[in-house]
Every structure is written in structure tokens, then in C-alpha cells.
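J.: Full structure from sequences and hints, please.
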Amino acid sequence: FKQTILDRQSAWREVVITAAKNGIPVPAFSASLDYFDSYRSAVLPQNLTQAQRDYFGAHTYERVDRPRGEFFHTDWDAPEAVVTGSRS
Numbered sequence: 074f075k076q077t078i079l080d081r082q083s084a085w086r087e088v089v090i091t092a093a094k095n096g097i098p099v100p101a102f103s104a105s106l107d108y109f110d111s112y113r114s115a116v117l118p119q120n121l122t123q124a125q126r127d128y129f130g131a132h133t134y135e136r137v138d139r140p141r142g143e144f145f146h147t148d149w150d151a152p153e154a155v156v157t158g159s160r161s
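Mapping the sequence shown onto this note's numbering, position 38 (from 1) lands on 111, and the numbers just tick up by one.
If you are wondering where the hints come from, they were derived from the structure by calculation, not from laboratory data. Watch out, some of these pointers could steer you wrong.
[What the hints assert, rightly or not] DEER-style ranges, computed between Cβ atoms:
(1) F109 - F129: 25 to 33 angstroms
(2) R81 - S111: 16 to 24 angstroms
(3) Q76 - F102: 14 to 22 angstroms
(4) Q123 - E153: 15 to 23 angstroms
(5) A84 - G158: 39 to 47 angstroms
(6) A131 - D80: 44 to 52 angstroms
(7) A93 - R113: 17 to 25 angstroms
(8) I78 - V155: 44 to 52 angstroms
Yeah, the Cβ is synthetic: ideal placement off N, Cα and C, and Gly gets one too.
T.: Spelled out as C-alpha cells, the structure:
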């Protein structure tokens, strides 16, 4: 099954692209492709999601350019967006 999916992913992507270009909604195809991509990638661009969580809920975030376990919080409302860090 894994190899079949890998062999046909370019066609799967073309279906989603063609549908989008023609204004045809294919939510199951596009959502399943997003799900597939999330599992096949070791590092994903979740920085926007982390920033939103930090802004709205004062959650912390990890940076990919720093060691694992080092967490940061940004005071997004401060004039200079003050960043503080801590280790857990």
C-alpha cells in the first residue's frame, strides 16, 4: 500500500491542482493529501501556528535553530516584540 501511494502521489497532486484551477471543490482529496504530507515530513512549517498560539494564549514555542527543550515566549504587543527564553 505504501509504495502504491508513493508511486501515485504526483497524479494525486495533479487532481487537486486541476480541481482548484477549475473551481471544483474536492475536500476529501485535498484534506487527505494534506494529511499525507503531514506524516511524510519530519519538519513542517508550523511557525505561524505556534506564533498564533503564543500570541493568543501566551503559550511558548520552540525554535528550530535552538536546542530542543528551549522554549520562548514573545510579548507581541510590546513595541519591539520582546522575546524571553527558558529551558524546561
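J.: Hint by hint, note whether the structure agrees.
T.: Do the hints match the structure? See the list:
1. F109 - F129: 25 to 33 angstroms: holds (29 angstroms)
2. R81 - S111: 16 to 24 angstroms: holds (18 angstroms)
3. Q76 - F102: 14 to 22 angstroms: Distance hint for Q76, F102 holds at roughly 20 angstroms.
4. Q123 - E153: 15 to 23 angstroms: Once the Cβ atoms are compared, 20 angstroms apart, the range 15 to 23 angstroms for E153 and Q123 holds.
5. A84 - G158: 39 to 47 angstroms: holds (45 angstroms)
6. A131 - D80: 44 to 52 angstroms: Roughly 45 angstroms apart at Cβ, these two residues keep to the hinted range, so it holds.
7. A93 - R113: 17 to 25 angstroms: Cβ of A93 to Cβ of R113: about 21 angstroms, so the range 17 to 25 angstroms holds.
8. I78 - V155: 44 to 52 angstroms: Distance hint for I78, V155 holds at roughly 45 angstroms.
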